[in-house]
Amino acid sequence: MWTGRWWHSIQKLLPLGSTVCPVIIATNKTQLTQLTGGLYAYPIYLTIGNILKSIRRKPSKQACILIGYLPKIGSRHQDLFHSAMRHILSPLIAAGKDGVDMANGRGEVYRVFPILACYAADFPEQCLVTCTKYGTCPKCQTPADELNKPNPATPRTPKWTMDIINNAAKNSTSVTEFYDTCMAEEVSGSV
1 MWTGRWWHSI QKLLPLGSTV CPVIIATNKT QLTQLTGGLY AYPIYLTIGN
51 ILKSIRRKPS KQACILIGYL PKIGSRHQDL FHSAMRHILS PLIAAGKDGV
101 DMANGRGEVY RVFPILACYA ADFPEQCLVT CTKYGTCPKC QTPADELNKP
151 NPATPRTPKW TMDIINNAAK NSTSVTEFYD TCMAEEVSGS V
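First residue of the sequence shown: 1, per this note's numbering; consecutive thereafter.
None of these hints come from the bench; they were simulated from the model. Worth double-checking, as some hints may not be accurate.
[To be verified] List of simulated lysine-lysine pairs, DSS-like, C-alpha gap at most 25 Å:
1) Lys29 <-> Lys58
2) Lys29 <-> Lys97
3) Lys170 <-> Lys29
4) Lys61 <-> Lys29
5) Lys133 <-> Lys170
6) Lys72 <-> Lys61
7) Lys139 <-> Lys29
8) Lys149 <-> Lys133
9) Lys12 <-> Lys97
10) Lys29 <-> Lys53
11) Lys133 <-> Lys97
[As the list claims (entries may be wrong)] For each label pair, taking beta carbons as the anchor points, the in silico distance ranges come out as:
12) Leu16 <-> Pro155: 30 to 38 Å
13) Asp163 <-> Lys58: 40 to 48 Å
14) Thr157 <-> Leu80: 17 to 25 Å
Beta carbons are placed, not taken as given, at the ideal position from N, Cα and C, and that holds for glycine.
Model the full assembly from the supplied sequences, consistent with the hints where possible.
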């Protein structure tokens with residue numbers, strides 16, 4: 001999205017006269033207090049790429065909105081995280097497929113396709129989102145003990161991850177065996 005290539009490639013896929021609205025989602029588990037046992041909140045924020053970064057990043061401009069809170073998620077509950085995100089983002093998914101009519105400041109109506117362009121997350125959340133074993137790369141298939149090597153890495157894809165999870169589920173006779181099989185393949189066994 002930052003160079004315009006992403007934007008142009010998506011725009012070419014849309015019907016003539018419509019426009020893309022690049023959606024940016026961010027989550028960040030936030031500690032609220034240490035006094036009462038360490039209470040946390042897990043907010044989900046949404047903004048759009050059509051707004052200048054200098055404006056988006058200022059809370060006083062209200063260009064970033066809170067769209068929900070995730071339930072308290074432990075490391076063994078990635079399925080709950082994914083289910084909650086799927087539920088919260090389902091209206092966005094439908095709008096991205098079909099488009100929605102929106103008026104600009106002058107009252108002109110456009111068919112807008114809100115498309116997820118960026119998910120901003122820190123390293124622990126990237127591991128949670130990609131079902132990656134903590135300590136490995138959430139973007140590639142490089143084993144943890146080879147991350148310091150300059151070799152080009154094979155990208156980690158949802159299909160690759162799901163194949164490992166499905167094979168582990170099919171060939172395991174216990175939760176422990178499933179967990180160990182996934183972890184041996186650098187995929188979190190906590191799904």
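Review point. Which numbered conditions among the earlier hints are violated in the structure presented, ordered from lowest to highest?
Key: 2, 3, 6 and 11
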